[in-house]
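Protein chains: 2
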Amino acid sequence: MHAFAFDAYGTLFDVYSVTALCEQLFPGSGSALAQMWRAKQLQYSVLRSLMDRYTPFAQVTEDALVYSARALKLDLTAGQRSALMGAYMTLDAFPDAKPALRQLKSMGLRLAIVSNGSPAMLQAATNSAGLTELLDAVISVDEVQIFKPSPRVYALASTHLRLPESEIGFVSSNNWDVNGAGAAGMTTFWIQRGAAEPQEELGHPAAHIVHALTDLVAMIR
Amino acid sequence: MHAFAFDAYGTLFDVYSVTALCEQLFPGSGSALAQMWRAKQLQYSVLRSLMDRYTPFAQVTEDALVYSARALKLDLTAGQRSALMGAYMTLDAFPDAKPALRQLKSMGLRLAIVSNGSPAMLQAATNSAGLTELLDAVISVDEVQIFKPSPRVYALASTHLRLPESEIGFVSSNNWDVNGAGAAGMTTFWIQRGAAEPQEELGHPAAHIVHALTDLVAMIR
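Residue numbers (numbering that gives the first Met the number 0), protein chains in the order written: chain A, 0 to 220; chain B, 0 to 220.
The shape of chain A in the complex, shown without the other chains (with noise of 0.2 angstroms):
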């Protein structure tokens, strides 16, 4: 392995914060709008790319919370609207990120991130962060315009790393990003921070299943 190439929201960014707003805006209804917002928000990012109607991921997080305040028949305001959004672009690395990072950058691997984000929001969270000095690339699947599982969005990490897929290690926490970047040619991580859950059904289970990102440097070693 000499590179890493980690998915960005859920994986390196913590989207606690987004969840915890959610609950103080709608009290009581949070947690489910949260929910119903990151499902749609993939749910969309994987219709559009198959209908070939790409629209940066700001817009498609926007049109699926504005989905689902309205499924919820909740009364989203454009203060809150706009709040919410705003949550994106100021999230915290989980504890593990950061520590982990740095150990396998002074191993020498070079790092990116290969995310369905649009370029400003992931420049934004990385730079809230405080990762933007550890990450070789920053990739967004706005160069294809196409979102995750394309492998056309995997192969990017190959060629800003200039490595071929089967020496980057794809890090992700969903599965089925694990999945698609197995299917791309990567040797695949899935981080597991919280309970077990099984893998999906879609034929390229994780190579390996890490519990921290500070696994990685142990298991590099």
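Just so you know, these hints were derived from the structure itself, not from any lab.
If you're wondering where the values come from, they're calculated on a predicted model, not measured in any experiment.
Positions of the beta carbon are idealized from the N, C-alpha and C atoms, including for glycine.
Hints are not guaranteed to be accurate.
[As the list claims (entries may be wrong)] In silico lysine to aspartate or glutamate, DMTMM-like type, Cα no more than 20 angstroms apart, as pairs:
#1 K72(A) - E196(B)
#2 K72(B) - E200(A)
#3 K104(A) - E164(A)
#4 K72(A) - E166(B)
#5 K72(B) - E196(A)
[What the hints assert, rightly or not] Computed list of chain B residues with no C-beta within reach of chain A, every gap over 10 angstroms:
#6 Q34
#7 T54
#8 D74
#9 T89
#10 A119
#11 E132
#12 L134
#13 L155
#14 I208
#15 M218
#16 R220
Based on the hints, put chain B in the right spot on chain A.
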């Protein structure tokens, strides 16, 4: 409008009997299983399409069942698995389906199914529901090896019926499917048999909303 193309599962065919069998086999967990199974079936069909890893709908449906049972910690035996898959082969049509198709056909419209279903699944369901002689074409995505909402799927209706997309009405109970057909240039009809739900935020909302398939007859007259 010179023709109608119908989605199959949930639009012409009632999958209630599948849900009922879930509940019979797993009392108390059947509705959770049926719900997750349906969501995963859609998710896997879209993810596999985007991964360039098409596999027929019968397999996607079985994979979705296996995952859902595992996620819900239900012990699914080979016999139960095959019984549940078999339930897809003998579905009833909704009560409004046959009368609507018969009237539309007598008015000279050409009628087709355009479905994610595998050819064998569609043939079995069409025969079982007694709709075979009313349909000019039963079209499966299997022909193009990609699932809805790819525009390549909706284009099949135009090819088989030898009519431009704009002269074919597309009818589905799934709003994402309606959006896909609309993006592909068809005139769309969203059938909402139950409680009102918001349209998906995918840029191509339904041109018309109906509450029973027989409503189409009055709209065409």
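Was A119(B) rightly flagged as not at the interface, with every chain A Cβ beyond 10 angstroms?
holds, 21 angstroms
Assertion that R220(B) lies farther than 10 angstroms from chain A (Cβ):
Check passes; 32 angstroms lies beyond 10 angstroms.
Can we trust that L155(B) is non-interface, i.e. its beta-carbon lies farther than 10 angstroms from all of chain A?
Its Cβ never comes within 10 angstroms of chain A, the nearest being 15 angstroms, so this holds.
Please verify whether K72(B) and E196(A) have alpha carbons no more than 20 angstroms apart.
holds, 10 angstroms
Could you check that no beta carbon of chain A comes within 10 angstroms of the beta carbon of I208(B)?
holds, 16 angstroms
Status of Q34(B), Cβ more than 10 angstroms from any chain A Cβ:
Q34(B) is indeed farther than 10 angstroms from all Cβ atoms of chain A, at 13 angstroms.
Compute the least Cβ-Cβ separation between M218(B) and chain A, then decide whether it is above 10 angstroms.
holds, 26 angstroms
Please verify whether K72(A) and E166(B) have alpha carbons no more than 20 angstroms apart.
Roughly 36 angstroms separates the two Cα atoms, so the pair is violated.
Does the alpha-carbon distance linking K72(A) and E196(B) stay inside the 20 angstroms limit?
Distance ~10 angstroms between K72(A) and E196(B) Cα, so the pair holds.
Claimed clearance of chain A by E132(B), with the beta carbon kept past 10 angstroms
holds, 33 angstroms
Is the Cβ of D74(B) more than 10 angstroms away from each Cβ in chain A?
Nearest chain A Cβ is 13 angstroms from D74(B), so the label holds.
Given as non-interface: T54(B), partner chain A, CB spacing beyond 10 angstroms:
violated, 8 angstroms
Violated hints for the displayed structure, listed by number in ascending order: 4 and 7.
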